[in-house]
Amino acid sequence: MPLLEVQDLTVRFGGLVAVNKVSFSLEAGEILGLIGPNGAGKTTCFNLVSGFLPATGGAVRFQGRAALGLPPHALARRGLVRTFQKQSLFAGLTVRENVMIGQQAVLRPSVWAALLRRPAERAHVAALRQRAEEVLEFLEMTPLVETRAGDLAYGDQRRLAIGIALAARPALLMLDEPAAGMNPSESERLRQLIGRIRDQGVTVLLVEHDMRVVMSLCDRLVVLDSGRKIAEGKPADVSRDPTVIRVYLGEGTGGAGAGSHA
Amino acid sequence: MIAAGARGFLAVAVVAALPWVVTSTYHLHLLVLAGIFAVMALGLDLVLGYLGELSLGHAAFFGIGAYSTALLTRHLGVPFPADLLLACAITGAFGFLIGYPSLRLTGPYFAIVTFGFAEILRLVALNWVSVTRGPMGLPDIPPVRLFGFAFTTERHYVYLVAALVGIAIVVTRFLIDSRVGHAFLGVRENEELATAVGINAHRYKLIGFSAGMVLTGAAGSIYARYVHFIDPTALGFFYTSTVIAMVIVGGQGSVRGTLIGALLFTFLPEYLRVAEQYRLSAFGVLIILAVIFMPEGINGMLKRLAIGRRARHAAA
Amino acid sequence: MLLAQQVLNGATIGIMYALAAVGLTLTFGILRVINFAHGEFYMLGAFVTYTLLVVAEIPYVQAVVLAVLTACALGLLAERLTVRPLRGRHHFTVVLATLGLSVFLQNGALAVWGPDPREIALPWDGAMLLGGLIISRMRLVALAAGVVLIAALTLFIRYTRVGMAMRAVARNPDAAALMGVNVPRIYGLTFSMGAGLAAVSGGLLGAIFTIEPTMGEWAVIKAFSVVIMGGLGSVPGAVAGGLLLGVAESLSVGYLPGGVGYRDGIAYAMIILVLLLRPQGLFGQRV
Chain H
495 MPLLEVQDLT
505 VRFGGLVAVN
515 KVSFSLEAGE
525 ILGLIGPNGA
535 GKTTCFNLVS
545 GFLPATGGAV
555 RFQGRAALGL
565 PPHALARRGL
575 VRTFQKQSLF
585 AGLTVRENVM
595 IGQQAVLRPS
605 VWAALLRRPA
615 ERAHVAALRQ
625 RAEEVLEFLE
635 MTPLVETRAG
645 DLAYGDQRRL
655 AIGIALAARP
665 ALLMLDEPAA
675 GMNPSESERL
685 RQLIGRIRDQ
695 GVTVLLVEHD
705 MRVVMSLCDR
715 LVVLDSGRKI
725 AEGKPADVSR
735 DPTVIRVYLG
745 EGTGGAGAGS
755 HA
Chain F
179 MIAAGARGFL
189 AVAVVAALPW
199 VVTSTYHLHL
209 LVLAGIFAVM
219 ALGLDLVLGY
229 LGELSLGHAA
239 FFGIGAYSTA
249 LLTRHLGVPF
259 PADLLLACAI
269 TGAFGFLIGY
279 PSLRLTGPYF
289 AIVTFGFAEI
299 LRLVALNWVS
309 VTRGPMGLPD
319 IPPVRLFGFA
329 FTTERHYVYL
339 VAALVGIAIV
349 VTRFLIDSRV
359 GHAFLGVREN
369 EELATAVGIN
379 AHRYKLIGFS
389 AGMVLTGAAG
399 SIYARYVHFI
409 DPTALGFFYT
419 STVIAMVIVG
429 GQGSVRGTLI
439 GALLFTFLPE
449 YLRVAEQYRL
459 SAFGVLIILA
469 VIFMPEGING
479 MLKRLAIGRR
489 ARHAAA
Chain X
6 MLLAQQVLNG
16 ATIGIMYALA
26 AVGLTLTFGI
36 LRVINFAHGE
46 FYMLGAFVTY
56 TLLVVAEIPY
66 VQAVVLAVLT
76 ACALGLLAER
86 LTVRPLRGRH
96 HFTVVLATLG
106 LSVFLQNGAL
116 AVWGPDPREI
126 ALPWDGAMLL
136 GGLIISRMRL
146 VALAAGVVLI
156 AALTLFIRYT
166 RVGMAMRAVA
176 RNPDAAALMG
186 VNVPRIYGLT
196 FSMGAGLAAV
206 SGGLLGAIFT
216 IEPTMGEWAV
226 IKAFSVVIMG
236 GLGSVPGAVA
246 GGLLLGVAES
256 LSVGYLPGGV
266 GYRDGIAYAM
276 IILVLLLRPQ
286 GLFGQRV
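Chains as they are written, first to last, in the numbering used here: chain H, 495 to 756; chain F, 179 to 494; chain X, 6 to 292.
Calculated from the structure, these hints are not laboratory results. Be aware that a few hints might be false.
These stretches of chain H come out as covered by chain F in the derived footprint (C-beta under 8 Å, 3 or more residues) [unchecked claim]:
1) 581 to 589
2) 618 to 627
3) 652 to 665
Think of the CB as a built atom: it goes at the ideal place given N, C-alpha and C, for glycine as much as any other residue.
Next up, chain H with everything else stripped away, as it sits in the complex (with noise of 0.2 Å):
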């Protein structure tokens, strides 16, 4: 049984159709990326996925109950966590509280443990506190622990964003487009630190521009454009499809080329 079945999933906007019956699975432990052009709807995609956006048709299940249609928090609490382009962490709070917080999908906090039964209550935090900690060693950014998230470099933001993800212990982990506005060095360093949550048996599913770490990180891709899903397969076969090399690859590899095609 795949982690996740999308079926058909569609979605239109006025008379727009911004996803238009795009189906593809994912298996446990895979690392899938879905690329395509600017406007092609992969971010549509994901936020229909991630249940941020309400679809007009389709179907969605994630471990083989059906998704669509319940609320971002619940899917989170099931497993399924995303991140976000932009403003992916809690500015204002150290990187500390920002993965404490993160963990809330796995805890249901409860009013009266709070008031009532105060010393299991601290007991929690404590632990939240341990596993945070475990998450930031995992992430290499131990030093920054009480660094307020918004004074952060770019790149360790980026980072932190994952973090948070992870820290809700997801068994598929979306990212979107976690490598925009990196240097190489940082996208070299993500490159790995992806591969790595993998390897912790995580699913990762990532929608993303930057070639390199598309192609050398991905099991298998999925390519839109304009909505519609026009190929998929292994990331070799995939660059060398003549649709895909048309609409797509043809303006030149790496990230910045796909940018005109709006």
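Start from chain H and add chains F and X according to the hints.
What follows is chains F and X alone, placed relative to chain H:
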């Protein structure tokens, strides 16, 4: 850093000594009012400081607490502290019912919708004469009686209100330090991301708002007991603005700041009485000056002073 | 016929609500500031008119014009002293500053004029028949003045250089600044215009109702409800919202049992319903 227990002990000692240091009835009266305002302000700070939303209907919830106690004691003879607990429950229920739809909105929209609800409640208090006696208000609310002891003087109420402030501080602290408090912070800082990691934002906003209103209802209940009288002016917007001033000038999102703000804005208008009819105008000017010159509130200023002192120590 | 009469009465008051609300919505649309002192400029419009009439014995029309200019000047000053220093700060602090301004102005007025209600002597008495409906001449003047002013304002915003600059700032202050718009000047001007519009409304409605220093309190509430109904920042929305509120209130007094006591409740009920069902306002667009 003093341990929490020691700090608590110190606070109890200060409060115990207070009515012997402050002897004038008038100042004791102001202390009682400041304490009641402090509880109300702590309730508002949960919404303002921890959820990051501006409620403009706060005085109405104070009024619900006060009217609840007035009606329960006058008609049904409900004894203390049962009336206090019921007033808290009723105010909390109103908080839940009003918060449920309102908290789907944010920013100016939330502010104005809470304002609308509050004004409707005030009009009900004013016009539902058979229950509230309208503008005449409800007099003769009996004083607090506990184990046969009647609370009658200002000094008695200083202790009672201090205990209430203590409970309110503990409740707020426990809530903020807990996992629930972390969820509040997440929602305040980035609601979309909080949702994406599994936090039901609306649920936590509702929890925070209702909890804040429970505290506010407690303040209202004790106020009704203390002054023995309640009328619709207590639900007025002036009180809402005063409490907002306490929280923002004190420093939103901080218990210490809120307490300082409550003391300041209870005593200040009284000392401005020398300015006679210009008293409240001067109060308005002071609010403006405070926000302009203390952007992070009094608490922010104290923090910066403390950091500066530590830096100087380190340099020396 | 009674129904039509109620609607007409409501519409004259509604236009005045619209005038006050347009000022508030402009201030929000351009400065992104909710001005809680807006009602106090409305109150000042009425009281300065009253004082000029009684003390200086200036004719009504000139008195209103002078009152409006006074409000504009005070608005300019208020923006400079309370709103400008807080630019870029947390929006709660700006709200609190305008609340402080409101407390200051309202209590200043109480100190100067005392708490008693007063009346502005009717400049035009008598009534006229208008297609079978009765309308007092004062209300007719108010209605006409309201329509003319709103039309003039719309043209001003659409076609003058300053109006275009205002629209540019509303859309994106940084881009407007880059294109050479003096953004702080536009902020000051808008705030001052908003104060002036509130004062016009106060000067005209003051001759229809009694006036008192606390009248700004409910005026700002009504202006708010109108602005929310119309969609924050939308001028046509504010006009439509004003008319709607005026008519709804007039009908509720005529047809609801115990209507007068709860008349003000109509405004709040409308705000709440509109916000909960259609948060972008009746005429606003989803952002």
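Results of checking the hints against the structure:
1. 581 to 589: Contact hint for the region 581 to 589 of chain H vs chain F: holds, 7 residues under 8 Å.
2. 618 to 627: holds (count 3)
3. 652 to 665: It holds, with 4 qualifying residues against the three required.
In the structure shown, no violation is registered for any of the earlier numbered hints.
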